[in-house]
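Protein chains: 2
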Amino acid sequence: MTASEFTSRLDAQVAFLKEADRLKSILRATPLIDGSRKENSAEHSWHVMLYALVLADQAGPEVRIDRVIRMLLLHDIVEIDAGDHPIHGNVDHAAQEAAEAAAADRLFGLLPDDQRDGFRALWDEFEAAETPDAVFAKAIDRFQSPVTNLAGNGLGWRGYDVTLEKLDARVGRPISRGAPGLWAWLRPKLAAFLGQPG
Amino acid sequence: MTASEFTSRLDAQVAFLKEADRLKSILRATPLIDGSRKENSAEHSWHVMLYALVLADQAGPEVRIDRVIRMLLLHDIVEIDAGDHPIHGNVDHAAQEAAEAAAADRLFGLLPDDQRDGFRALWDEFEAAETPDAVFAKAIDRFQSPVTNLAGNGLGWRGYDVTLEKLDARVGRPISRGAPGLWAWLRPKLAAFLGQPG
Ligand SMILES: [Ca+2]
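These protein sequence lines are chains A and B, in that order. Everything in the first sequence is counted per the UniProt record's numbering, starting at 1 for the first residue and increasing by one. Everything in the second sequence is counted per the UniProt record's numbering, starting at 1 for the first residue and increasing by one.
Looking at chain A on its own, in the form it has when it is part of the complex (with noise of 0.2 Å):
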């Protein structure tokens, strides 16, 4: 590589770098434990990456937990562009999914070829839900918000009709695929929680 194309790649990254900042102010449907504001996508990545690594004894052997969390870490990152859509309110599916692809070429469309094209490769991986380490990332992301709304005694539920049925079908059905222990540590505590019988 000559300099000027040293300086050129290093622009480039640093511009997709810059331009990541913002996901720091897409807020989600979920509060802080504390109840004091909603969290947001970048800290969210945080949490679940730091999870995915506490976790790992909860994945199968075939899992490579450091790609879970590069999964993890890009996850999100189209939400710059796209926004989030809480799992407990409607969307319109199609229209997300087009937005967030739309997104994703144009973020990581700011890093170098190669660097766009490995890390859209991971986000599509993700995205699918497919490959093992991409089912337990999946798991890992449905994982915490459920754990944050128990402990912060189901503020982030206020507003949404939520019930054992619901959460089965949109935060079980994604856990137990990837994660079934830590599905079967979750339920009880769930039905407990809405008064439902588990």
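Think of the hints as simulated: they come from the structure by calculation, not from any bench. Every value quoted in this text rests on a predicted model; they were computed, and no experiment measured them. Everything hinted at is true.
If several chains are the same, the list does not tell them apart, and a pair holds so long as it fits within one copy or across any two.
Only pairs whose alpha carbons sit at most 27 Å apart, straight line, appear in this in silico DSS-like list of lysine-lysine:
id : residue 1 : residue 2
1  : 38        : 18
2  : 189       : 18
3  : 166       : 18
4  : 166       : 38
5  : 189       : 166
6  : 189       : 38
With chain A held as given, fit chain B with the ligand onto it using these hints.
Below, chain B with the ligand alone, put in the same frame as chain A:
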């Protein structure tokens, strides 16, 4: 592992993960690029992990980037008890180190013993800044704030007496030790912004 050992292991892991939520309320001196508010240490941790992944080609061949990312994932957790200390402020370093060691004891101590010891060893390695992984992690951790401050027109430097000489010592030394290419790129921009001969 028996079912009850499995459950108490998971109880301990989730207790740690819930306590970690408080890192989202530890504020740093650096504002977001848009100046809307100060950055917190959880979203900062996410951002420096992204810096490490994107700028991995600035590391020497002996650096294992996934270990760097794990270090950065854990590096600020002690601030939950010990607070953040701006590099341009004045601080009693011995008292700060003692407070951080006590914080590491308490916080990592929430985890099962094997994870407590593994996380503590990784955090100790980062703090000691001697291994290639730790030296690169420190360089990346120091690179993000001046990039943010330049992009935000120096907002984060107001109220501190920031000079190129101080930046050379507090930022330039750790960055150039772990990632000399980043410092060669950054220093002329800092000199131009501060209006000082580079
Ligand atoms: Ca830091």
